[in-house]
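Student: Chain order of the listed sequences is R and C.
The first sequence: position 773 = 773 (my numbering), numbered continuously.
The second sequence: position 484 = 484 (my numbering), numbered continuously.
FYI, nobody ran anything at the bench for these hints, they're computed from the structure.
Fair warning: this is a prediction, and the values are worked out from it, not measured in the lab.
Incorrect hints may have been included.
Unchecked claim - List time: in silico DSBU-like cross-link candidates among lysine-lysine, alpha-carbon distance up to 35 angstroms:
1) C:Lys252 to R:Lys686
2) R:Lys628 to C:Lys290
3) C:Lys453 to C:Lys490
4) R:Lys163 to R:Lys109
5) R:Lys66 to R:Lys130
6) R:Lys680 to C:Lys458
7) R:Lys680 to C:Lys446
8) C:Lys435 to R:Lys686
9) C:Lys458 to R:Lys686
10) C:Lys435 to R:Lys628
11) C:Lys435 to R:Lys631
12) R:Lys639 to C:Lys446
13) R:Lys711 to C:Lys446
14) R:Lys628 to C:Lys446
15) R:Lys631 to C:Lys453
16) C:Lys446 to R:Lys631
17) R:Lys686 to C:Lys453
18) C:Lys476 to C:Lys337
19) R:Lys360 to R:Lys523
20) R:Lys686 to C:Lys337
21) R:Lys300 to R:Lys631
22) R:Lys289 to R:Lys300
23) C:Lys485 to C:Lys458
24) C:Lys267 to C:Lys193
25) C:Lys337 to R:Lys711
26) R:Lys822 to R:Lys593
27) C:Lys435 to R:Lys711
28) R:Lys680 to C:Lys434
29) C:Lys453 to R:Lys680
30) C:Lys193 to R:Lys680
31) R:Lys628 to C:Lys453
32) R:Lys680 to C:Lys435
33) R:Lys680 to C:Lys337
34) C:Lys485 to R:Lys680
35) R:Lys628 to R:Lys639
36) R:Lys360 to R:Lys631
As the list claims (entries may be wrong) - Restraint-style ranges between C-beta atoms, simulated for each label pair:
37) R:Arg472 to C:Gln142: 50 to 58 angstroms
38) C:Glu338 to R:Asp731: 48 to 56 angstroms
39) C:Asp462 to R:Asp731: 46 to 54 angstroms
40) R:Glu400 to C:Glu392: 50 to 58 angstroms
Idealized CB from N, CA, C, for every residue including glycine.
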Amino acid sequence: MTHKLLPQFRLVGLDVRQVMRVVCYSILMALAVLSLSANAFAQAETETPATGEDGEPAPEPDPIFKLEDMQVPSIDTLLNERALDWIILATDDVYVVESIVPRPNTLDKRKLEIERKQEERRTAPAEQRKAIAEELEELNYLYVALPDVAGNPERRIPTRLIKEIVHHEDLMMRRARMLLEESDIEHAFELISRLEKDWDAWPGLDALHNEFLLVDGKARLAAKNWNEALTIFRELYARDKQYAGLSQSYGQGIDALVSEAVAEDDFRRATFHLEELTARFAGHPVFQKYDAQFTAQVNKLIAEADAASASGDYRTATMKVEDGARIWPRTPALQPAYRKHALRYQRLHAGVLNLPEEGKSFFLPAPADLRVQPLKSLPLFEVNRMRDGTAYYRTRFLDEWEPYDLGRRMKFTLRQFRQPSDMHQVIGSPDVVTQLLRLISPERPEFDERLASYIENVTVHSPLEFTIDFRRVPPRIEPLLEAIRFQSPSASDESVDSDETDETLIGPLTDVGGFRRISVDAKQYAIQRALPEPDGLPVYHVAEIVEHKYENFEQAVQALSRGEVSILPELPDWIVRQYQDDEEFLQAYRLEKLELPLTQVLQFNPSSRVLRTRELRRGLAYAVDREKILKDIILRDEKMRHGRIITGPFFSDSPARHVLVEPRRYDISSAIAMIVAAKKILTIQKVVEEENLPRLKFLVEPGPLQEEAAKEMARVWGIIGVPVDIVVGTDEGDGQWDIMLRSLQMTDPLVEIWPFLTVSDRAQLSDLDDYPDWLKQEIVDLDRTSDQSRALERMQELHRHLWVDAALVPLWEVDQYRICRKTISDSTAKPIYPYDGVDHWTQEPWFSLTQ
Amino acid sequence: MRMFFTRTLICALLLLAMNFAVQPVRAQEDPAAEAVAPAEATATEGEETTTANAEVKEVAKPEVVIPPPFTLRPYNILVQVTWPADAHFPQSRRQELSDAVNRDLASRFRQMWNLECRESLASERQTASALQQADPEEWTAQYVDAGFDKVLHVVVEQQGVVQKVTGIEWCYSSQTLSPLVQRESRDSRELAKLVADAASRAFRPIGEIEISEGEKLEFRIRAGEFPPEDPALAPFQEGQYLIPYVRYFGKKRELQSIRTIPWTYLKVVERDRSRVRVETKSAFGQPVPKAGRRMEVMVMLLRPSWDASEVLLYPRGSRRTPLVGYHCDVVDRLPTKEDPVPERDIYYSTREGTIRIPVPQEGDPLRYLMVHSGQSVLAQLPILPGTSPWLEVEVPDDRARLTVEGEVSLLQGELIDIIATREVIFARTRAAAKKEDWTSFDQFNKQIDALPKLEEFKGRIDTLQLQAVYQAQQAKDRVAEIRIKRLCAKVLESAETHLDPGRIAEFRGEMRGVRPE
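Isolated chain R, as found in the complex (with noise of 0.2 angstroms):
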């Protein structure tokens, strides 16, 4: 008030003290005026004495105001200063009071109490109903205290003379409303909060929140922040469904966003919005403009996928129908529509966290690539199942493979049927021979040492037979042949299939099948069947999978949740736990384990110069708190139900563990003594200068999870002093590494071994030239032994040495777990992989109704 009339009294040129001065005088005196009148009254009713007992003069009059003068008292008063109600007289005459007790509705309860004792009068004994008509007549007065005057600041005010009582909180809810009305949302809540605070249910003061939350949705509407807007939106729907203008308003927030989230094409978005306000305020004007204009664009992507499918393009018109699920699900025509041509054309949705061909820096097959890998590059056998650490292997394209002459030659018959589901070609003599020939001949980008050094011969029979002579013959024949994959030819270099120069093309070969990669948007890889299904069947099978990238689990399993997406084909343990009791969610899910669990190690650089110095692994492995990490980070799970700690590059049961070997244990006393003893070797070595390590390049696969667990093995080392840089495998990089953390699946270590530890795709001599002879020479004599149990021993030796050499660090190995939704049938047993034998699963055609 005071600070309004400031300018005024600025215009007229005076001192604002003397302006208050002046004003406080009038006040004064026109109260003392004012005041005649009501202190012949007061004087009459108020037991106030006039005088005092030794005859000074009566004191000053209680201060009486009028109510027109009365003005609600700030906020700063409200909130700082003491607390004061307002008495209104019959008169409109206002005693400004110290809070009265009871409150809020004093006259009300007092009213209450007076009907009570006069009751309790009635059905009172003679002897009590004097005291009782005193209590009677002392309820027909209301003792208030006066703020701020002298003497005795207690007043009796008869209660008949009162015609209201505005409480501080009244005052209080006036100021709000009255800052409501000027927009002063902050200064409105403040008070609102305060009393809310103080009072569970102050009378009106629901209401007052109420127009509060519309006043400030409104207000943040107008700032266009919508989605601020529905939040408070939201909170007086819950407080008041019917609450006038909350409505329209509503309506004007999900307007806005799903006008927004159109321009982006995010229509899942846009019926997320749309499918809330509808469940609010059905038939809404907004949600009815939508519907018509989105079932209008729905139809007419119908349509245009029914003119694709018309013309042999399923793919066309299966994309055509998932993107009218994806604008607007409610149309009507959109069901019957989809089911007709998702069913023909069967696209897999799946979500993923790293997509396959991301890696950069981190050259290997990542965990990614590994999921595509067997539809990508059908191999001639592939491994079945393991049993009791051993794997065992199926074709697809051989009927029968026979040994002859002690294993030193083999028959192989080629299948001459395939069914209309099978993702395979019927291929011939050709196509596995040229294959064979290629590996063997020491010209080619695809020889294979190992392989020419066991095949003598091949002999051709016919279209559908061959022979091999082995010059030794191996353990196993089916992991040697592993080697032998066939691609699509768009998938491999044309130039170098119809090359007629080529001595190893020995007929012209077939298009195997499988799964080729198609172009798809960004965050986005998919692969689709190479060999189409043929019309007229009566099931189709996936022909397409698509894998959806989501920058956490979290998100992933969200979008399967949503519909987005119908398989999550990577977990981390702690969703899969999570899952694995919820029956509610296992009604509409399945939650498979995989056959092969993951193993993942740290692996050295065998040309790094500074790690070819066993202290230095050693010290490095000390320092990895494995069963830590296992438990923190990977598993998140302190029994680790779903992991074991490792001791070699192959799984926990694998028969090539030597039983003797055991888990290297955490000791950072060891680890900071064999640093030291590195350093020193090092420079002694002239390798490094003055015990200076130089900082090791730390190349980490693909994965969060990974990338967490490199950072606190980072972390440790680098404080036994190994100062260490982790390059994350999606990064670019110079190709320099010194560690790397990977992830593996040897399923036959005997065959894997070597590549696995020269870091090779395949057994290469030259490879070993960086080990010591003695261990070089174990690699070898393993690798050419015949006899699969003396292999064995041989490998169980080699484990201790490797592990005993620090060669690498075994991590863990983690089980593997998929999810999908029930609408796949999957007849696949025990899946190997994420996408076993996919091309003989059925999709059942489903969208989500609601996002």
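Dock chain C against the given chain R, drawing on the hints supplied.
Tutor: Just chain C, lined up with the frame of chain R:
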């Protein structure tokens, strides 16, 4: 001048002696002499019988056959040429060409060769590919009684406008075949010269030991006193390498066997007309024996004829399991302490157990092949790359010793681990004591107790040594046995030095007074 007169006189006397003895004297071992002698003897006998019958009958005296000295004994050479059998080579032309070849070779080698040059008979015709696969034993069976020291067979093949000439030499003395010599030309006028070139190149002169005293070796050169017209064709020139072989005879001077001396090459360091002094390059101490009554020590010229030599490495007694991935060094001289020969060509044997050593582009062609196995050198051999396409090196089976080397290396690593860890724990214990952190102090003391002890180490070393020594003894490999024992002794010594229980006792004593009771 005086020297010249002396030499001339000696030569004159020798020529006189040779002429004097040319008819009645026959070289005992000379195949030509052996073959011709009976016929001549028969003829002589016939003449004498006639004379005897006609004139006075004299008592037949045994003839004294004195062979000409080795250095004056020319080679009896048969040159056979297989001309193409087509219209471009009619009989007349073939005869002309054969005559031209004969003239050319005769002019080149003059008295050094007793030359017979002729076109191959129908049964003797060869092809280049047949020569490539020729078997020395078959050739020996065919020509051993023909009376020639050398049989040179040259095949001429017409391929389009190109004339390809392939030559080979069979040697009576060594009963071996020379590497193939191939020439080609588009100029038909040069054909005779080309054939002569091939024959000259295929020819491998031989020598016979004269002096073998310790490291001093000197050989006589066959027909060394008949130098060819072109000095470049002179046998055994300085810097050339010879291969020694020994011919063994029976009691009746019949040839029983011929053996080459493996991994031994003789380098010509000095040549004086018909004699050469050589330097031995061998894997063995004194490989060339002295000649005996029933033993001839011979040498033959060795020429690189291939781009490289493939060398197969295999352990003793198991050729079917060659050495794979073994580290080999090829050096131009043997390393010594003073000269470790840093410039080395490094090879690793392939999965077939072979390495391919190319012919050096310049300098001395001799190289040394060193086969390594861990810290040991299994073999150290001289080698002349390109003189043979395929060589085989048998080395001791080193697997047992290499296994021990690996185990010892790991044990040493563990030893370092224990010692370093012990010292760090000592330091941490002292620090804990200083801070009066007795919980950590006790924990570290427990860690010290848990460290492996010397006895445990000794046990492991003993077990290791026992197994490996047994294997070496079974293989009768004394060297490996010694090396195994040496390796084990070394690591045992380290363990005894560093895992001395006294070190821990000393530390415990130091700590005893630190902790209050």
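Student: A separate judgement is required for each hint: does it hold in the structure or not?
Tutor: Here is how each hint holds up against the structure:
1. In summary, the hint linking C:Lys252 to R:Lys686 is not supported, as the alpha carbons are separated by about 70 angstroms, beyond the 35 angstroms threshold.
2. Taking the CA atoms of R:Lys628 and C:Lys290, the gap is near 77 angstroms; set against the 35 angstroms cutoff, the hint is violated.
3. For the proposed pair C:Lys453 and C:Lys490, the alpha carbon gap of about 18 angstroms is at most 35 angstroms, so the pair holds.
4. Distance hint between R:Lys163 and R:Lys109 is fulfilled; the C-alpha atoms sit about 14 angstroms from each other, no more than 35 angstroms.
5. Taken as a hint, the R:Lys66 and R:Lys130 pair is broken in the structure, with Cα atoms around 39 angstroms apart against an allowance of 35 angstroms.
6. Only pairs whose Cα atoms come within 35 angstroms are accepted, and R:Lys680 paired with C:Lys458 is accepted, the gap being roughly 27 angstroms.
7. Restraint check: the Cα-Cα separation between R:Lys680 and C:Lys446 comes to about 28 angstroms, which is no more than 35 angstroms; the hinted pair holds.
8. For the proposed pair C:Lys435 and R:Lys686, the alpha carbon gap of about 38 angstroms is over 35 angstroms, so the pair is violated.
9. With a CA separation close to 33 angstroms, the supplied pair C:Lys458 and R:Lys686 stays within the 35 angstroms bound.
10. Between the alpha carbons of C:Lys435 and R:Lys628 the distance comes to roughly 28 angstroms, so the proposed pair stays at or under 35 angstroms and holds.
11. Using a Cα cut-off of 35 angstroms, the hinted pair C:Lys435 and R:Lys631 holds, with the two alpha carbons roughly 33 angstroms apart.
12. Taking the CA atoms of R:Lys639 and C:Lys446, the gap is near 27 angstroms; set against the 35 angstroms cutoff, the hint holds.
13. Taking the CA atoms of R:Lys711 and C:Lys446, the gap is near 31 angstroms; set against the 35 angstroms cutoff, the hint holds.
14. A hinted pair counts as satisfied when its Cα atoms are at most 35 angstroms apart, and R:Lys628 with C:Lys446 qualifies at roughly 23 angstroms.
15. Pair hint R:Lys631 plus C:Lys453 holds up; C-alpha atoms about 34 angstroms apart against a cutoff of 35 angstroms.
16. About 27 angstroms separates the Cα atoms of C:Lys446 and R:Lys631, which keeps this hinted pair within 35 angstroms; it holds.
17. The suggested pairing of R:Lys686 with C:Lys453 holds, with an alpha-carbon distance near 32 angstroms, which does not exceed 35 angstroms.
18. Of the supplied pair hints, the one linking C:Lys476 and C:Lys337 holds, its CA atoms being roughly 30 angstroms apart against a limit of 35 angstroms.
19. For the proposed pair R:Lys360 and R:Lys523, the alpha carbon gap of about 16 angstroms is at most 35 angstroms, so the pair holds.
20. Taken as a hint, the R:Lys686 and C:Lys337 pair is honoured in the structure, with Cα atoms around 22 angstroms apart against an allowance of 35 angstroms.
21. For the suggested pair R:Lys300 and R:Lys631, the alpha carbons sit about 53 angstroms apart, so the restraint of at most 35 angstroms is broken.
22. As the CA atoms of R:Lys289 and R:Lys300 are separated by approximately 17 angstroms, the hinted pair is consistent with the 35 angstroms bound.
23. Distance check on the hinted pair: C:Lys485 and C:Lys458 sit about 14 angstroms apart at the alpha-carbon level, within 35 angstroms; holds.
24. Between C:Lys267 and C:Lys193 the CA atoms are separated by roughly 30 angstroms; this keeps the pair inside 35 angstroms, and the hint holds.
25. At roughly 49 angstroms between alpha-carbon atoms, C:Lys337 and R:Lys711 are farther apart than 35 angstroms, so this suggested pair is violated.
26. Our distance criterion of 35 angstroms between C-alpha atoms is met by R:Lys822 and R:Lys593, whose separation comes to about 15 angstroms.
27. This hinted pair checks out: C:Lys435 and R:Lys711 have alpha carbons roughly 32 angstroms apart, not beyond 35 angstroms.
28. Taking the CA atoms of R:Lys680 and C:Lys434, the gap is near 28 angstroms; set against the 35 angstroms cutoff, the hint holds.
29. With a C-alpha separation of about 24 angstroms, the suggested pairing of C:Lys453 with R:Lys680 holds against the 35 angstroms cut-off.
30. In summary, the hint linking C:Lys193 to R:Lys680 is not supported, as the alpha carbons are separated by about 71 angstroms, beyond the 35 angstroms threshold.
31. Taken as a hint, the R:Lys628 and C:Lys453 pair is honoured in the structure, with Cα atoms around 30 angstroms apart against an allowance of 35 angstroms.
32. Between the alpha carbons of R:Lys680 and C:Lys435 the distance comes to roughly 29 angstroms, so the proposed pair stays at or under 35 angstroms and holds.
33. The suggested pairing of R:Lys680 with C:Lys337 holds, with an alpha-carbon distance near 27 angstroms, which does not exceed 35 angstroms.
34. Using a Cα cut-off of 35 angstroms, the hinted pair C:Lys485 and R:Lys680 holds, with the two alpha carbons roughly 29 angstroms apart.
35. Simply put, R:Lys628 and R:Lys639 have alpha-carbon atoms about 11 angstroms apart, close enough for the 35 angstroms limit, and the pair holds.
36. This hinted pair checks out: R:Lys360 and R:Lys631 have alpha carbons roughly 29 angstroms apart, not beyond 35 angstroms.
37. Here the CB-CB span from R:Arg472 to C:Gln142 is close to 39 angstroms, at odds with the stated 50 to 58 angstroms.
38. Take C:Glu338 and R:Asp731: their Cβ atoms lie about 52 angstroms apart, and the range 48 to 56 angstroms holds.
39. For C:Asp462 and R:Asp731, the Cβ-Cβ distance of about 52 angstroms falls inside the hinted range of 46 to 54 angstroms, so the restraint holds.
40. Distance hint check: the CB atoms of R:Glu400 and C:Glu392 are about 41 angstroms apart, inconsistent with the given range 50 to 58 angstroms.
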